[in-house]
Each structure stands twice: as structure tokens, then as C-alpha cells.
Amino acid sequence: GIQVEQSPPDLILQEGANSTLRCNFSDSVNNLQWFHQNPWGQLINLFYIPSGTKQNGRLSATTVATERYSLLYISSSQTTDSGVYFCAVHEAQGGSEKLVFGKGTKLTVNP
Amino acid sequence: DTGVSQDPRHKITKRGQNVTFRCDPISEHNRLYWYRQTLGQGPEFLTYFQNEAQLEKSRLLSDRFSAERPKGSFSTLEIQRTEQGDSAMYLCASSRTRGENEKLFFGSGTQLSVL
Chain A
25 GIQVEQSPPD
35 LILQEGANST
45 LRCNFSDSVN
55 NLQWFHQNPW
65 GQLINLFYIP
75 SGTKQNGRLS
85 ATTVATERYS
95 LLYISSSQTT
105 DSGVYFCAVH
115 EAQGGSEKLV
125 FGKGTKLTVN
135 P
Chain B
201 DTGVSQDPRH
211 KITKRGQNVT
221 FRCDPISEHN
231 RLYWYRQTLG
241 QGPEFLTYFQ
251 NEAQLEKSRL
261 LSDRFSAERP
271 KGSFSTLEIQ
281 RTEQGDSAMY
291 LCASSRTRGE
301 NEKLFFGSGT
311 QLSVL
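Protein chains in written order, with our numbering: chain A, 25 to 135; chain B, 201 to 315.
To be clear, the hints were calculated from the coordinates, so they are not data collected in a lab. Every residue gets a Cβ at the ideal spot worked out from N, C-alpha and C, and that includes glycine. Any given hint might turn out to be false.
One side of the interface only, derived from the structure: several residues of chain B facing chain A at Cβ under 10 angstroms [what the hints assert, rightly or not]:
#: 1; residue: Lys-211
#: 2; residue: Tyr-233
#: 3; residue: Gln-237
#: 4; residue: Glu-256
#: 5; residue: Gln-311
Here chain B stands alone, though its shape is the one from the complex (with noise of 0.2 angstroms):
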């Protein structure tokens, strides 16, 4: 395995620019998740993706953020008209699904700072 992939490390941008992340999973795992983390909390579950289908989206996903999985492989994650709020480090993961298959493994994460 050569590990799930995510670009950029870091990201600063202004107030109201969008931004795109990218997730490159592990090669053979069809679940991928996308995960919000802030300082001292655990990170929660933004969506997440099997194969190229969204089939779940969190409640904290609002409509400026969108995902995608074209192909089923890499997946992008976009924020419109950020705010300060959305500051924080954005992780992804990828599993298979089944039993002990289901181990997720995260990627590096991005950190975004809004100012």
C-alpha cells in the first residue's frame, strides 16, 4: 500500500475564495471518506463515498461544500465563499468494506486557515 494521498499539506486563503482538496486513497479500497478535525476534537464525518457514489453527506456539510469521486478513484473536496469557520485540517480516508477490511486508514490531512 502506498498510503492515501492528500494535496495541498496546507492552504491559507481569504474570506469568500473557494478552495479545492484533493484524496488520492489506497489503490484497492472502494470507501472513501472525508473527515473535519479542530484543534482538541475528534474529527467528524463530513461524507463519504463507494466506488463513485455519494451515498452519505453529514448535516455539517453545507451547501457552499461539494465532493466528487469521478471514476471512483480520487476524490475532491471544494469549499465556496469560505469563511473563518471553516478553518481547520481536512482528512481523508479509505477503507474496503467487510469485517476487518474496514480499517480506515487516513491520509496526512490538509490544514486550512481562513483569514
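Okay, chain A solo, but in the shape it has when bound (with noise of 0.2 angstroms):
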């Protein structure tokens, strides 16, 4: 099945840093998800974003599906950032309607 590789594993900012995490893929893709865990463990859909960039406030996202990974941008960061973000995908070959996820990148916002 499809391979999800989310890096970095853990990334540390002072408030009002800008970061990038990053999402790797090993096949083709027709849907591709951003999501953020908050400390609570509520997952809450940031992007969907199969191909192109999107932006919603201070958060964007772009997806270069040809070269299978996917950016997300998270600009004056807030202590309100920190959680788990997660990518997830869905293998367009793979005659399956599952998203996989991918382990995460654990953000930490100190004030």
C-alpha cells in the first residue's frame, strides 16, 4: 500500500515564527488531506488539497502531485498552532476508498 512520510517529526517555534512542514508520498494520489490535532485530540480538516495551493488565513498549502509531496505553511505561528498535523492521502490506483495517514509532525508554540 501507499507510503505517507511526514517530516519533521518534531518542530519547536517561538510565537510568531513561520514553519513548513512537509508530505511525502510513494504512488499517485486523488485526495490529499491536512489535518491538525489539538492538545484535546480533536482532528479538524485544515485542506483539502489534491493538487495546487490553497490558503485560509495564515495557513496554506500546496500539493506538487506529479512530484508526490505536499507543503503546509503555517506563518506568525500562535500558541493556539501547537498540536499534531497530519497528512493524509488516498492511493488513486489502489481501488481502496481508506485516506492513510501519515505518523505526524508534533508542533510546540511557546509563547
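Mind assembling these two chains? They're in different frames, but the hints should get you there.
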């Protein structure tokens, strides 16, 4: 099955800093989503982005499907951005409807 | 949208007991998923329904696990003869089909502890 690798595994920032999280996947995808899991465990959908670029406030995401990676940018980070960020993909040719998750990037934003 | 609801939030049980969890998806979503998450890992797919039909099951889902979605609305996940290795967060998610509508929305999860 498809493999999803996220980097870095851990990231510590000072409030106000910018960051880039990366998601690499091993095969063609037709669905890619980014999630934020807050410290209370709730998973929030940030982006549906199988290709191209989207922006939502201080967050933006870019997926280059032909090169099998996606990037999540967080600008002017705030303490409320802390948590784990997951990338999840749906394999285009796999015949399955499941989203496969990476292991996540744990972000800590210090005041 | 009222969001995806899961009940209970926490469940503590003794090894060998049966447990059942409930998920109420967003009302207009026809797809419903169950995932399991352990500490430090991403969610792992268990099973998926489109309306009332269970269309896919992970090999992780042993015969002690069963899921239903009668009438294509709420879903239940039952674990029989629980084992300590079943301890995890059980997450339910729902979505529509097609394109942007495939965005997955998760509930708050049921944290299961098997003693």
C-alpha cells in the first residue's frame, strides 16, 4: 500500500515564527488532506488539496502531485497552533476508499 | 453542520468484556469511517460505509470487531471479548462523495481502556 512520510517529526517554535511541514507519498494520489489534532485530541480538517495551492488565513498548502509531496505553511505562529499535524492521502489506483495517514508532525509554539 | 458525535467519550472495561461505541455523522454525509489511533501514531483505517453498505474492512479488523450502520444514519462499532491491545482512541469520521465534498470530518473519539 501507499506510504506517507511526514517531516520533521517534531518542531518547536517561538510565537510569531513561520514554519513549513512536509508530506511525501509513495504513489499517485487523488485525494490529499491536512489535519490538525489539538492537544485535546480533536482532529480538524485544514485543507482538501489533491493538487495546487490553497490559503486559509495564516495557513496555506501546496501539493505537487507529479512529484509526490505536499507542504503546509504556517505563518506568524500562535500558541494555539500547537498540536500534531497529519497529512492523509487516498491512493489513486489502489481500489480502496480509505485515507492513509502519516505519523504526523508535532508542533509546539512557545509564547 | 452539527458535527460528528461519538458516545461515550471514555470507556474503561475489563479484559473479556464486550463494548459498543456509537457514532452520529453529519446528517447529509453518506460516507462514514471508523479509525483507531494509538499514542504517537496517525489514525489507522478500520472500516467504511457508504450509506448502509459496509464497503471496506481493514485486515486490522479481527472477527471480534463488528460495525453496523442501519438505515445509513448512525453507526455502531462493537468489540467482543476485549483484549488489552484493543486500548486506543476510536475515531469516527464522515464525508460526502466527490471532490471537495470528500473532506473528512472527525468526531471527538471514544478513548477505550482495557484493564
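Problem set entry | chain A contact restraint for Tyr-233(B) - C-beta distance below 10 angstroms | 7 angstroms, holds
Exercise. Holds or violated: Glu-256(B) as interface residue toward chain A, Cβ cutoff 10 angstroms?
Worked result: Holds: closest Cβ of chain A sits about 6 angstroms from Glu-256(B), inside 10 angstroms.
For this session: Identify whether the interface hint at Gln-311(B) stands, where standing means a beta carbon of chain A within less than 10 angstroms of its own.
Result: With a closest approach of 8 angstroms, the Gln-311(B) hint holds.
Problem set entry | Satisfaction of the Lys-211(B) interface hint, Cβ to chain A closer than 10 angstroms | 15 angstroms, violated
Problem set entry | Interface hint compliance - Gln-237(B) to chain A, C-beta minimum distance less than 10 angstroms | Holds. Min distance 8 angstroms.
Checked against the numbered hints above, the structure violates only hint 1.
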